[in-house]
Amino acid sequence: MPVQVTDDMVAAYQRDGAVLIKGLWADWVEVIRAGIAHNMAEPGPHAAENLKPGEGGRFFDDYCNWERIPEFGQVIRESGVAEVAARLMGSDRVQMFHDHVLVKEPGTAKPTPWHQDGPYYFVDGVQNVSFWSPVDPVREASLRCVAGSHRWPKEVLPKRWLSDTSFYPDPDLYMPVPDPDAEGMPVLEWAMEPGDAVAFHYRTLHGARGNEAAIRRRAFSLRLLGDDARYVERPGRTSPPYPGHGMVAGQRLREDWFPLLR
Numbered sequence: 001m002p003v004q005v006t007d008d009m010v011a012a013y014q015r016d017g018a019v020l021i022k023g024l025w026a027d028w029v030e031v032i033r034a035g036i037a038h039n040m041a042e043p044g045p046h047a048a049e050n051l052k053p054g055e056g057g058r059f060f061d062d063y064c065n066w067e068r069i070p071e072f073g074q075v076i077r078e079s080g081v082a083e084v085a086a087r088l089m090g091s092d093r094v095q096m097f098h099d100h101v102l103v104k105e106p107g108t109a110k111p112t113p114w115h116q117d118g119p120y121y122f123v124d125g126v127q128n129v130s131f132w133s134p135v136d137p138v139r140e141a142s143l144r145c146v147a148g149s150h151r152w153p154k155e156v157l158p159k160r161w162l163s164d165t166s167f168y169p170d171p172d173l174y175m176p177v178p179d180p181d182a183e184g185m186p187v188l189e190w191a192m193e194p195g196d197a198v199a200f201h202y203r204t205l206h207g208a209r210g211n212e213a214a215i216r217r218r219a220f221s222l223r224l225l226g227d228d229a230r231y232v233e234r235p236g237r238t239s240p241p242y243p244g245h246g247m248v249a250g251q252r253l254r255e256d257w258f259p260l261l262r
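Numbered according to this note's numbering, the sequence shown spans residues 1 to 262.
Incorrect hints may have been included.
As the list claims (entries may be wrong) - Okay, derived cross-link-like pairs now, SDA-like style, lysine to any residue, Cα gap no bigger than 25 Å in a straight line:
id	residue 1	residue 2
1	K22	V5
2	K22	F122
3	K22	A12
4	K110	P240
5	K52	P194
As the list claims (entries may be wrong) - Okay, the calculated beta carbon distance ranges per label pair:
id	residue 1	residue 2	range
6	E42	R15	21 to 31 Å
7	P113	L173	13 to 23 Å
8	M40	E189	33 to 43 Å
9	G236	E49	19 to 29 Å
In short, the hints are calculated from the structure, not lab data. Quick caveat: nothing in here was measured; it's all calculated off a predicted structure. Ideal placement from N, C-alpha and C gives every residue a C-beta, glycine not left out.
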């Protein structure tokens, strides 16, 4: 493993749904930076600009590019991150789901809205993990996670970030998006150095502050799956969509599209 994952770290991940992994990709920062530059120069079909007219700065994101951007594929396959994921999840298998790049330029005051990733996905199960890793020092534009929210009995309503509308046609299936600061929820937040990572569960409520710093905030995220991950039907088009996958409810994700890393 690239870092030592202690019993305390595993316990924190299972209890809180998020834990800081210092130096996870400390040896891969330059490779990830090169991959992000490649991604921004050649955006994929899912690339988005997440600011309305008149909102200052730039908030770029894109996902599902690891097979066409060699730097991302190298980090995923060669860094040992699958072993870290297996330890945190308590899983023998580690399966690829997707990558995600998020870039906030200086002066981007807009925060990333509070959300859970899981409701957007067509996968369900307890054993999963996302790694969010900046390649710039992070103070102002930090990731924020609500401790214990991965254990909430009802999923949070997934919404479109720009229009603030429901992602699916029946919002009553979900709980409204809370305001953790106003409601006094326990929010986990860390100052981070390039190559550090926050590991968090797909159902952990999270968001991120705007970037008021004088430097960019470039972050690479990786979503991985464990033993109990299964395809689940959602009441609409998922994100990522993966059209034509041909999977049915209760099936493990097809390994030719979502390869095993361990």
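Going down the list of hints, with the structure as the test:
Proximity of K22 to V5 is assessed by CA-CA distance (about 10 Å); at most 25 Å being required, the pair is judged to hold. Among the hinted pairs, K22 with F122 is inconsistent with the structure: their alpha-carbon atoms are about 30 Å apart, more than 25 Å. In summary, the hint linking K22 to A12 is supported, as the alpha carbons are separated by about 14 Å, within the 25 Å threshold. Using a Cα cut-off of 25 Å, the hinted pair K110 and P240 holds, with the two alpha carbons roughly 23 Å apart.
Between K52 and P194, the direct Cα distance comes to roughly 29 Å. Violation of the 25 Å bound is thereby established for this hinted pair. Distance hint check for E42 and R15: the Cβ-Cβ separation is about 41 Å, which falls outside the suggested range of 21 to 31 Å. For P113 and L173, the Cβ-Cβ distance of about 19 Å falls inside the hinted range of 13 to 23 Å, so the restraint holds. In this structure the supplied range 33 to 43 Å is violated for M40 paired with E189, their Cβ-Cβ distance being about 26 Å.
In this structure, G236 and E49 meet the distance hint of 19 to 29 Å, their C-beta atoms being roughly 23 Å apart.
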